[in-house]
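So you can see what is in the structure, the chains are spelled out below.
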Amino acid sequence: MSVYQTHTTDVLVIGAGLAGERTAIEAATHGLDVIILSLVPPRRSHSTAAQGGMQASLGNCAMGYGDNPDIHFEDTVKGSDWGCDQDVARLFANTAPIAVRQMAYWGVPWNRVVAGRKKLPDGREIEDLKEYEGLITARDFGGTAKWRTCYTSDGTGHTLQYTMDSIVIKMGITVHDRMEAIALIHDGERCYGAVARCLRTGQLHAYLARSTVIATGGYGRLYGVSTNAVINEGSGMFLALETGVVPLGNMEAVQFHPTGMVPVGILITEGARGDGGYLLDKNLHRFMPDYEPKKKELASRDVVSRRMIQHIRKGYGVESKWGPHLWLDIRHLGRKHIYTNLREIANICKNFAGIDPAEDLIPVRPTQHYSMGGVRTNIDGHAYGLKGLFAVGEAACWDLHGFNRLGGNSLAETIVAGMVVGKKVAEYTLGATLDCPLQLVNEHVRRQESRINDLISGRLGKENVYEIRREMENTLMEYVGIFRNGPDLQKAVDKLQELYRRSLKLGLRSSGKYASPELASALRLPGMIRLALCIAYGALNRTESRGSHAREDYPYRDDVNWLKRTLAYWPPGAELPVLKYEPVKITELPPGDRGYGESSAANAAKSGNHTQENKK
Amino acid sequence: MAERLLTFSIFRYNPNTPEIKPYMQEYKLEEMPGMTLFVALNKIREEQDPSLMFDFVCRAAICGSCAMLVNGKPRLACKTLTKDLPSRITLLPLPVFKLIGDLSVDTGTWFRHMSLKTEAWIHTTREFDPRAREERMDNETALKIYEAERCIECGCCIAGCATANIREDFLGAAGINRVARFMLDPRDERSPQEYFEVVGTEEGAFGCVGLMACEDNCPMGLPLQMQLAYVRRKMAAAGLAARPQTRAC
Ligand SMILES: Cc1cc2nc3c(=O)[nH]c(=O)nc-3n(C[C@H](O)[C@H](O)[C@H](O)COP(=O)(O)OP(=O)(O)OC[C@H]3O[C@@H](n4cnc5c(N)ncnc54)[C@H](O)[C@@H]3O)c2cc1C
Ligand code: SF4
Ligand code: SF4
Ligand code: FES
Numbered sequence: 001m002s003v004y005q006t007h008t009t010d011v012l013v014i015g016a017g018l019a020g021e022r023t024a025i026e027a028a029t030h031g032l033d034v035i036i037l038s039l040v041p042p043r044r045s046h047s048t049a050a051q052g053g054m055q056a057s058l059g060n061c062a063m064g065y066g067d068n069p070d071i072h073f074e075d076t077v078k079g080s081d082w083g084c085d086q087d088v089a090r091l092f093a094n095t096a097p098i099a100v101r102q103m104a105y106w107g108v109p110w111n112r113v114v115a116g117r118k119k120l121p122d123g124r125e126i127e128d129l130k131e132y133e134g135l136i137t138a139r140d141f142g143g144t145a146k147w148r149t150c151y152t153s154d155g156t157g158h159t160l161q162y163t164m165d166s167i168v169i170k171m172g173i174t175v176h177d178r179m180e181a182i183a184l185i186h187d188g189e190r191c192y193g194a195v196a197r198c199l200r201t202g203q204l205h206a207y208l209a210r211s212t213v214i215a216t217g218g219y220g221r222l223y224g225v226s227t228n229a230v231i232n233e234g235s236g237m238f239l240a241l242e243t244g245v246v247p248l249g250n251m252e253a254v255q256f257h258p259t260g261m262v263p264v265g266i267l268i269t270e271g272a273r274g275d276g277g278y279l280l281d282k283n284l285h286r287f288m289p290d291y292e293p294k295k296k297e298l299a300s301r302d303v304v305s306r307r308m309i310q311h312i313r314k315g316y317g318v319e320s321k322w323g324p325h326l327w328l329d330i331r332h333l334g335r336k337h338i339y340t341n342l343r344e345i346a347n348i349c350k351n352f353a354g355i356d357p358a359e360d361l362i363p364v365r366p367t368q369h370y371s372m373g374g375v376r377t378n379i380d381g382h383a384y385g386l387k388g389l390f391a392v393g394e395a396a397c398w399d400l401h402g403f404n405r406l407g408g409n410s411l412a413e414t415i416v417a418g419m420v421v422g423k424k425v426a427e428y429t430l431g432a433t434l435d436c437p438l439q440l441v442n443e444h445v446r447r448q449e450s451r452i453n454d455l456i457s458g459r460l461g462k463e464n465v466y467e468i469r470r471e472m473e474n475t476l477m478e479y480v481g482i483f484r485n486g487p488d489l490q491k492a493v494d495k496l497q498e499l500y501r502r503s504l505k506l507g508l509r510s511s512g513k514y515a516s517p518e519l520a521s522a523l524r525l526p527g528m529i530r531l532a533l534c535i536a537y538g539a540l541n542r543t544e545s546r547g548s549h550a551r552e553d554y555p556y557r558d559d560v561n562w563l564k565r566t567l568a569y570w571p572p573g574a575e576l577p578v579l580k581y582e583p584v585k586i587t588e589l590p591p592g593d594r595g596y597g598e599s600s601a602a603n604a605a606k607s608g609n610h611t612q613e614n615k616k
Numbered sequence: 617m618a619e620r621l622l623t624f625s626i627f628r629y630n631p632n633t634p635e636i637k638p639y640m641q642e643y644k645l646e647e648m649p650g651m652t653l654f655v656a657l658n659k660i661r662e663e664q665d666p667s668l669m670f671d672f673v674c675r676a677a678i679c680g681s682c683a684m685l686v687n688g689k690p691r692l693a694c695k696t697l698t699k700d701l702p703s704r705i706t707l708l709p710l711p712v713f714k715l716i717g718d719l720s721v722d723t724g725t726w727f728r729h730m731s732l733k734t735e736a737w738i739h740t741t742r743e744f745d746p747r748a749r750e751e752r753m754d755n756e757t758a759l760k761i762y763e764a765e766r767c768i769e770c771g772c773c774i775a776g777c778a779t780a781n782i783r784e785d786f787l788g789a790a791g792i793n794r795v796a797r798f799m800l801d802p803r804d805e806r807s808p809q810e811y812f813e814v815v816g817t818e819e820g821a822f823g824c825v826g827l828m829a830c831e832d833n834c835p836m837g838l839p840l841q842m843q844l845a846y847v848r849r850k851m852a853a854a855g856l857a858a859r860p861q862t863r864a865c
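Residue numbers (the working numbering), protein chains in the order written: chain A, 1 to 616; chain B, 617 to 865.
In isolation and in its complexed conformation, chain B is listed as follows (with noise of 0.2 angstroms):
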């Protein structure tokens, strides 16, 4: 394959300079073989402009930083190759999330939150004791919950749902997925009326209007319409779902 010259445009913009409006800027890059946006972004800082702020850490698809629009989609830049993309590439900044500046958003802090409004832990009435064996526990049952678990908190699926983009409190596929994990565990305690309360609302599983974009954003391949379905499925089984009307996905 004839080597092409990518053009890269990106987004620009530093919340700590709010009087310099948010523009794009472009860049020009030769293509090389295996080329990720990983390599061509850090090519452009180290190369062009060292000013230019994005995040990676793993470079392997695994630890979630590096989500970002690539011409439009929500795609982790680090596994995405530049091959697989026209000549002419646009990179914004996910949206919902707080932008720290250019390409770089704040999804910690987003997904921490989550965590705390979902209370992802075990909730557990038994004591640790460290001189007893582990508690069994059936390997489907294990294997289940490592599904559920297997999301990244990249945002992909919170930054191409419809839902997400206008309601700020809104949980999103991922919150509700982990909210399933936890649904799944024998060890966590909690009732399906202690559930209801999380997820039971306009902020969980009934804010959700079901396209399915989440699902087709997710770099992990999660199973989001499943989780989504499995966890309306226990809110109603509880006989706690309030809404009459049942939403297709």
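Next comes chain A alone, as it looks inside the complex (with noise of 0.2 angstroms):
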């Protein structure tokens, strides 16, 4: 017989970053009951390594004068490589400056206006006006016609996080830490919880809600090398897509940041760019204009990206034991800047690499950073497939990114989709019932308790976690990086699959009781896998280069055929995913020229004379 605790509640979030945090503040405003459940305490989510800033166009500073939630869509579409629902990117844009605004009511020490003239690193004079002293400035991010990023110093992940949880905490609304969900318990129509698993003791609970949230961030830890915590293993994004019914949305568009430090991934926030950084190529040169004149190291983070593996690739990278990589220089910046507004990156090439940004480059490479595909869901934030089932944040597919997030849009994100999305969670569970039918939950239960006495008898095989997730990553790391092409994803999906028919035969080396960290690990693996296939298989399938999806066979964009979505979905039993597709909602700004990137510089190299084709 199963042994396990029930826990009833309105709404149930799972996870405790800003997402999450922020739907349940909205949720629990409407006098809901809510529980949060996260792997660790809320203040270690990853929300709070963010550090450069997020975007909301208040027009306060003198680089942003003018800005306004029009110029924010229009960026934020382009950005996204015309993948995004527009209609999204406009209730976004129009809603980032009241959720930037109440964040600083909550408390959050946003950097304010210091009126008068300032010299730009590249020599431009510019003037913050009197009149604007004192409110909420903003620094320059890439893929953005003006200033618009709203920060506390290089810590606004932080402080947005600790401001967020003291609402929270304020509120009394029930967390859960170090409490995991292993899966959701549904009919195949609705979702009423989920079953999950104490992290202090192993023991076994089941949450029963009106609604479920999903807001458990990215899967970052698919790759070997990524900027994101250990902990961001994409699990909420698996355990909607176990159920069979609920798609993920373009899991192939896998965001790569330019700059992580080399070898150990960690980020070098795009604020040192943005504050006038550069890249420089083994020689000391300053590339980046020669690639992208007109935005140089600001052109969007695909962009660059692929600017930087192509300029490795012609021989110009800095060759060292962890592979070829390319130099960040913000000595110019000065050491009181970069003491102050970029203290974090200083403290992280102290501790990391024993260097001083003042005085020395940073070694640096694209690295995995943020996932935009995710739990697919409408503008609500309700999941497709599932009535009850919610999903907000990087977790979720809303789809504000399409093919690439631009900075400082994903912190902004999290807090916007919460506001909307907690409204609407609330105004559904107030009309819902909880009639759970026991035998389901039971069902749902013993299911997990029968995969956890395979592992620990290893009934099923011996296989070993650590090897076949250490496998996983590399496959990921080689064939479904930033240049892809159809051969390398092939071999990806079929070295995929053979991993995932092997993670379904593991078995323990330790007795796998309590909170036993292997335990949860070879939990996890084999819908970290399901993951995996559906990001190679999407990318396999999408015969055309969009945003972070750059097929070396077909280097174009192909709206004719493309200006789709991707929907994978799992059926029982399966060993790939279905995919189907769905239409990409244009509602003000019609498909054209980024402004910038490799299709903007061949349009201006043919003047529009021919139409770009992919090789057949």
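Please note that a few of the clues may not be correct.
If you want the ones that stay clear, here's a sample from chain B, every Cβ over 10 angstroms from chain A, calculated [said to hold, decoys possible]:
id : residue
1  : Thr-623
2  : Asn-630
3  : Pro-638
4  : Glu-647
5  : Arg-661
6  : Gly-680
7  : Lys-689
8  : Ile-705
9  : Thr-706
10 : Leu-827
11 : Tyr-846
12 : Ala-852
In silico DMTMM-like cross-links for lysine to aspartate or glutamate, where the CA-CA straight-line distance does not exceed 25 angstroms [claimed, not checked]:
id : chain 1 : residue 1 : chain 2 : residue 2
13 : B       : Lys-699   : A       : Glu-463
14 : B       : Lys-659   : A       : Glu-463
15 : A       : Lys-423   : A       : Asp-70
16 : A       : Lys-350   : B       : Glu-619
17 : A       : Lys-314   : A       : Glu-478
18 : A       : Lys-170   : B       : Asp-804
19 : B       : Lys-659   : A       : Glu-473
20 : A       : Lys-118   : B       : Glu-619
21 : B       : Lys-699   : B       : Asp-785
22 : A       : Lys-321   : A       : Asp-356
Rather than coming from a laboratory, the hints here were simulated on the basis of the structure. Bear in mind the structure is a predicted one, so any value in this text is a computation, not a measurement. Beta carbons: idealized from backbone N, C-alpha and C, even for Gly.
Hints in hand, dock the two standalone chains.
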């Protein structure tokens, strides 16, 4: 017989990052009972690691004058390479300023406008006017027409998460930390909550709720080198996929950040380039202006990352025992600026590479960073396929980012979506009943119990969780990176399928009892490989290049055939996802030139004489 | 540098099995260039002992998850390089906090409790108006608040504090720093009297014996000494510091 503890609530939020906590606050504000689950204490969620900032078109700083939601909308759509839903982008751009101001009201110490004349690192003179002094200021980020990224020095995610959590504490919202959701409870039509495993005792719990929200963040750790925290394993996404009825959207859209530090992959924020940092090659030549004369280091991330790899491939990389890299140079910003506005970078350089960025160059290489794809939802955050299931934040494909997310748009998304989706969750929940059949709960818990027993007994096999995991990481690194092509992607799919079969035959080496970390990893691994397959298989089938998805064999965007979103389903017992497609919502801005990147350069060269064609 | 063979002596205990008494277990590991305790402990878990419990999240000294006693000193394990340590490395869980298992301790619950006790949120009677522009704030003030808000709740200052080790209810340097963060904030409308209730006690600013182990141990380099002095000054200025003797710190 199953022994498990049952908890009942109105709203179950899985994930205590910015997206989960903001959604919970909104639902609780509507008088609902909320329980938040998290792998770690909320303030250790990965959101705290964001340094750079949050976009909102306040237009308070000199380089932001004249900014408004229309321009923010346009930048976002261009950034997405027309892969986003424009109704979502519009709602987002209109709401972001309110989100930033509400966070200020709750306590975030945003950096403020200081009036006066200033000289930028590139020599331009600007003047911040007295009338804006003391309002929230902004810094420059890639792919934006205005300076729009609001920040608190180099700790934006930290201050946002601490402030958000202070409201959660103040409101008395229940948080169960070290509690991992390991399956959704559903009947194929409706979601009733989740089965969770306590990471203190190993005990199973059933959480029953009128509505369930997935806010579990990204899957960066599927890749061997990633800027992400080690807990970012995409669990919410594979829990949703496992239902067989909820699709994941655009999983092939993976963002690589231009400046992960070599070799550890720790992020050097875009703020470094936004504040005037340069990228240099082995000859200490600043090469980005050669490729991107207009935006230079501050084209969108997908473009800068590709330009860097292109340049390395031409032989301009700096050789090291970890492979070739390039340099990030912020020395000219001056010690004072570096040790106040970019102090976290200085600390990271000192702690993990033993260098002082005021004197030394920083070794960098494009590194896996963000998941544009995720649990596909409608504009209300309601997941496709299951009533009562919602998703929000990086775990979701709402779809604000399409094929490339702009820096600063993710923090903004977590909070804006938390506000918007939280309200919709509340509306739905107030009209829903909690009538989960006990039988169904028992079944779901029992299924997890037998998985655990099989892993402990080794009944199905003796495969080693860490070995298979490493092979999965390497496969994605090698074949599903920044530049992709058909044969490599096929290799990745074949290899991942083999690993997937093996992952169903894991056996533990430790006892697996109580809060066993090996058991936790083993429970996650098959789901993680399913996600890896969605990424690789989606990429194999998308025969065009769009945003971060760059196919060497199909180098151009193909709006005739591919102005659509991939939906990946995993039917019970399948060994590959089933891919379906849906149109992208275009309401205001028809597909055109991004104004930066390869196609833009090609357009300029050809001056529109030829239409581009992917080789068939 | 020749590669060393490192010996790790690691505290083992699982509160779920109290019949097995705590013990130290040894592991050997070949040192690698740039190796941190994050890399080392994961290698031990993956290659030698998958039952070993410890906590890492950001592995970049940002999230505060991984503090432990490294050769007796509270440190963030993720940013501790093995090359800075002797070849024999002893790892113990942080004291004061509840043990979850081996090197993993429950700092989360402790800090949440501290936030509740100090009511660490902005107290204001104003309403948020979504149509209005934000209130102005002087950038210097914003930077000062941020300075105090940089605490990552790692617990190093608590683990190394003489008072916290004997007084369960002591707020510790992190707690007093948290109060300073809100005192500095013009948006918070609490009066000095209200703050006094929170920190003007033996559990708060007056429980501190001023040996400053906390500041030495803080991986964020927070000016804890200055914040402690600031909070005490504020209490004294309000004419509420009931204690006659001043303490040196
Ligand atoms: C190094 C770095 C820097 C960044 N900088 C910026 C920036 O400057 N600007 C910007 O806009 N974006 C930035 N981003 C991106 C942005 O930080 C993230 O996309 C965003 O914070 C994600 O928030 P979230 O709430 O969706 O998820 P997270 O903050 O990752 O939270 C996920 C939560 O889910 C919980 N969880 C996960 N799985 C489970 C489970 N199975 N059961 C229970 N709980 C679970 C976790 O414990 C956690 O609480 C950065 C990202 C990185 C990696
Ligand atoms: S100075 Fe005070 S708070 Fe700091 S370690 Fe000593 S007793 Fe603890
Ligand atoms: S004050 Fe410093 S040592 Fe103490 S919890 Fe905060 S960051 Fe850690
Ligand atoms: S793992 Fe985050 S501080 Fe060490």
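TODO: Decide if the proposed pair is consistent with the structure: Lys-699(B) and Asp-785(B), CA atoms, cutoff 25 angstroms inclusive.
DONE: violated (37 angstroms)
Open item on the list: Between the alpha carbons of Lys-350(A) and Glu-619(B), is the straight-line distance 25 angstroms or under?
Closed with: Between Lys-350(A) and Glu-619(B) the Cα gap is close to 22 angstroms, so the pair holds against 25 angstroms.
TODO: Report holds if the minimum CB distance from Ala-852(B) to chain A is greater than 10 angstroms, and violated otherwise.
DONE: holds (26 angstroms)
Open item on the list: What's the verdict on Lys-170(A) and Asp-804(B), does the C-alpha distance respect the 25 angstroms limit or exceed it?
Closed with: holds (14 angstroms)
Task: Whether Thr-706(B) stays farther than 10 angstroms from all C-beta atoms of chain A, as the label says - done: holds (21 angstroms)
Task: 25 angstroms Cα cutoff - pair Lys-659(B), Glu-463(A) - done: Roughly 18 angstroms between the alpha carbons, so the hint for Lys-659(B) and Glu-463(A) holds.
Open item on the list: The output says Gly-680(B) does not contact chain A. Does that hold with a beta carbon cutoff of 10 angstroms?
Closed with: violated (6 angstroms)
Task: Interface exclusion of Glu-647(B) relative to chain A, criterion Cβ beyond 10 angstroms - done: holds (16 angstroms)
Task: Assertion that Ile-705(B) lies outside the chain A interface [Cβ separation over 10 angstroms] - done: holds (18 angstroms)
- [ ] Take a quick look at whether Lys-321(A) and Asp-356(A) sit within 25 angstroms of each other, Cα to Cα.
- [x] holds (21 angstroms)
Task: Non-interface claim for Tyr-846(B), where every Cβ of chain A lies beyond 10 angstroms - done: At roughly 17 angstroms from the nearest Cβ of chain A, Tyr-846(B) sits farther out than 10 angstroms, so the non-interface label holds.
Task: Pair hint outcome, Lys-314(A) versus Glu-478(A) [Cα-Cα no greater than 25 angstroms] - done: Satisfied, since the Cα-Cα distance of roughly 19 angstroms is no more than 25 angstroms.
The structure is inconsistent with the numbered hints 2, 5, 6, 13, 20, 21, although it conforms to all the rest.
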